[in-house]
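Could you slot chains P and G onto chain H? The hints should help.
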Amino acid sequence: MAIDSKLVERIAKLSRISLTESEVKNLSSDLDNILNWIEQLSELDTEGINPVFSSFDEEEIKYRSDEINDGGYREDIISNAPLSEDGFFLVPKVVD
Amino acid sequence: MNNLVKGETGDWEIVIGIEVHAQIVSNSKLFSSASTKFGGEHNTQVSFVDAGMPGMLPVINWVCVEQAIRTGLGLNAKINNYSIFDRKNYFYPDLPQGYQISQYKQPIVGEGSVTIDIDDKKSKTIRIERLHLEQDAGKSLHDQHPEFSFVDLNRSGVALMEIVSMPDISSADEAQSYIKKIRSIMRYLGTCDGNMEEGSLRADINVSVRKPGDELGTRCEIKNVNSIKFIGQAIDYEARRQIELIEDSKEIDQETRLFDPKKGETRSMRSKEEAHDYRYFPDPDLLPLSFSENIIEDIKSELPELPDDKKERFQKEYSLSTYDSNILVSEIEIADFFEAVAKGRDPKIAANWITGEYFAAMNKLGFSITNSPISIDNLSKLIKLIEENIISTRIAKDVFEIMLENNENPEEIIEREGLKQVSDSGELEKIIDNIIVENPDQVEAVKLKPKLMGWFVGQVMKETNGKANPKLVNDLLNDKLN
Amino acid sequence: MKEFSTLSIKETISSLKNKDFSVSELIDFHISSMENGRELNAFITETSDIARKKAIVCDQNYSKGEDKPLEGIPIGIKDMFCTKGVKTTASSKMLENFIPPYESTVTQNLWDDGAILLGKLNNDEFAMGSSNETSFFGEVKNPWKNSMDNFTVPGGSSGGSATSVAAGIGLASLGTDTGGSIRQPASFTGTVGLKPTYGRCSRWGIIAFASSLDQAGPITKTVRDCALLLNSICSYDPKDSTSSQKKIPDFEKATDESIKGMKIGIPKEYEADGISEDIIEYIEKGKEWLVESGAEIIEISLPHIKYALPCYYIIAPAEASSNLARYDGVKFTHRVDAENIIDMYEETRSQGFGDEVKRRIMIGTYVLSSGYYDAYYLKAQKVRAMISQDFKEAFSKVDAIYGPSTPSTAFELGDKKKDPLEMYLNDVFTVPVNLAGLPAMSVPVGLDKKNLPIGMQLIGNSFNEESILSIASCIEKSAKFDLNPNRWWINE
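Chains as they are written, first to last, in this note's numbering: chain H, 251 to 346; chain P, 17 to 498; chain G, 29 to 520.
Simulated from the structure, these hints should not be mistaken for laboratory data. None of the hints are false.
Within a straight-line C-alpha distance of at most 30 Å, the following computed DSS-like cross-link-like pairs (lysine-lysine) qualify:
hint	chain 1	residue 1	chain 2	residue 2
1	G	173	G	477
2	P	155	G	121
3	G	121	H	275
In isolation and in its complexed conformation, chain H is listed as follows:
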């Protein structure tokens, strides 16, 4: 699977990262190399293997009880926001 600049631009869009032309060029070749190398996995027969999404295999799941004991610290929530007003996060206007 060859990675071309069009694909890189599509992935960048999905990742919400803007790229310069030269970045697109470099990333195309980097990603092409890396994905070609990754391609070696395809030689492995994984038919019938159950995927493992986590190496944590403890049987017992921990549940939270349905109690309210968090929240109520708005200042802490917005303290790192680049732009806020009256306890709200501010973002460029979103129009649907």
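Chains P and G alone, transformed into the frame defined by chain H:
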């Protein structure tokens, strides 16, 4: 069944599938311990987890899981005792983590069904495809500032159930019945309060049209419709729009649309080049959700009676009509109210009074069953007075009017106002004899025209201020005049 | 004045108990070491004031006899751990000024045990890298220069953590290990580094890179110190769904246990290409030490281990692409203003993330995207299952697995910066362990011909850190590696 819509080129069929987003009744959120309460000061019901702060991790709230199982059982659905939480990745300012924790390939609830009533005689089964657990996002406010949207994360992380129907719904009416039924079931179960104004229940509606027998057409999704009335309007508008497009030989774009209640129209919501690719994958911060069959059985054994069963029981146990039963079971509060009022009383009279006088008054005065101005006890007493012929139905209506004012005991009202029905035949005979003596012409006339008997009844009622027992009056008049 | 910098934690605590010196004296010494060592660029934030204040309290605790297990011990913390009120950057421009309003569980455990925060340590940006050259705050230098007198990398991503300990700044440090980020830098700097079993330490409050692989762990001078830190940081945390409820043993005790009769496996696949001769020599030496101590060496096979790296470079970037989506200019410090929200996102992320982070986000987004999920992500998780199975079978025959931590010793600064793939290959021995969630550690054994430290890796069975601590302790005694780098960074 005829749900076909007429177009210029003939009849069209509407195909509708609905995704209901129902907020789970719980104290704290799906993955954090912040409050879910409606209407709090913005950003005060937000934990570090809900704000997507670096290093924060989700831990699941067991009550939310139980609620989903309960709802699944209420929808006659298969409960999956192994399910997976996935991340649905997309960027949006009120989605602080940059992904929504949801369930994709392995939801907690599988296929089920609900029955909706088409009319008093017919019903229809709508199949449920699945129910899954997911987090709600925050809220963006757009009217506070000319350049900026304001983000409030209070809702972020609140537990939702997404209930997905099969495309079995064929009209706006059916869609409305379906939503009402799902809402009713969840309210019976106590799993969702169904409050559409507060956003506890929203629907995404997939609409397409086709000529009967044709393949499915291209569908449009109308997002976030938040009232039953709007659901009907949105479907009607959208179906008409699609039919007109096709009949004009135009293409329908598969897209997301918004319903504008002010204009009664749907409009395109997101630009087309923004094709979504949510990149779902199992959330590595959470383990698969698994529980034993025993847990499902335990929950099942504690389920309350649901609308369909209750309806059947009302018909059998109280000999109520389908019509009355449908109305009485539509809301758990109504059903409970009815049963409380009818306890030890004639259930038919109770049903008639509740669906008739009582509801009419509630509607007129803007009350509902949950803030009823008349107590169960007093309404029950009124039914008893009617049932035992102490007052007539007509007098009962007057008493009821008085009761509406300050929930007075009807026994005291009739005592005070002297409204007790006259069932003393001696007393009534005297009155009747008097009338006969004073109206010889009418006595003659009634012999030829038996219909005039009503005039005599009226006279008796007049004399007794309506308190005479009408059956007794009729019997006595019959004896005396025939 | 004593030479504080050569003391282990164990020795320091006994001196403090003896009143040979006070915590305040100790802290002053380490603060000046930190200041004198700025050329190493190990620290992003120095927290001298916090340290001095706490030292006073610690001294009081010693006087009152209320000293806790790590009372007064200065520790540097990788800048991936959120520290309440102290800037935490993940070495990224994206979080350049982020001040967490909360403290990570593992660091809180350290402070509860009396340890003192010395400062926040540099690392590869968002822990993505193997040389500490991707940090927004600049590269970290390995205290060990090579025999050509050239600067070498400290390894990564916990480069600052390894460098500070090797340079005697602070008595220990915390790192995180997603694919070798504790063990590889420990190996490059002649320090001891341990990655516990996945689930042993809470991940709560650690800035996530790849959630199914990340794990916190200590970097120390000695195996015993490593065990002491482990005793403190491991705990069950109800705030982390993947935190284990298993009983936590006394790790320090394990360092005194004999390894007589232990079966130690050496994977035949490790003989594969690319390991430097000096390292091969030390693998052999190590075998002899182990046999002399009464252990039995058994050849084992991990047939799918060669697929671990490509497998890792699907899974880790996939998880990272999602974990890093929250850095969008809305909530945390860095934002590039723009007319509309999409431009704001794209510019903020473009300028906030460095090249390697962008590269991994792009790979991760690609392997999860519609049409590629099965071929890449799902495939990788199946390969992961096969690798885990290999280890399971191996551990049915042996108590631990022994081999090199890295195929080479520290390379020169800038050497591999150009070629990401070559950089990735550096983690060939460490990555499989993370995929299987096993505990593993690197212990220094000697120097190569370039005068650079060599580390050996020990891999334990799930939740059996004790065995590898016992073995590491034995190797430590045999290797007698007590060398320190020349202090070229001190201008006197």
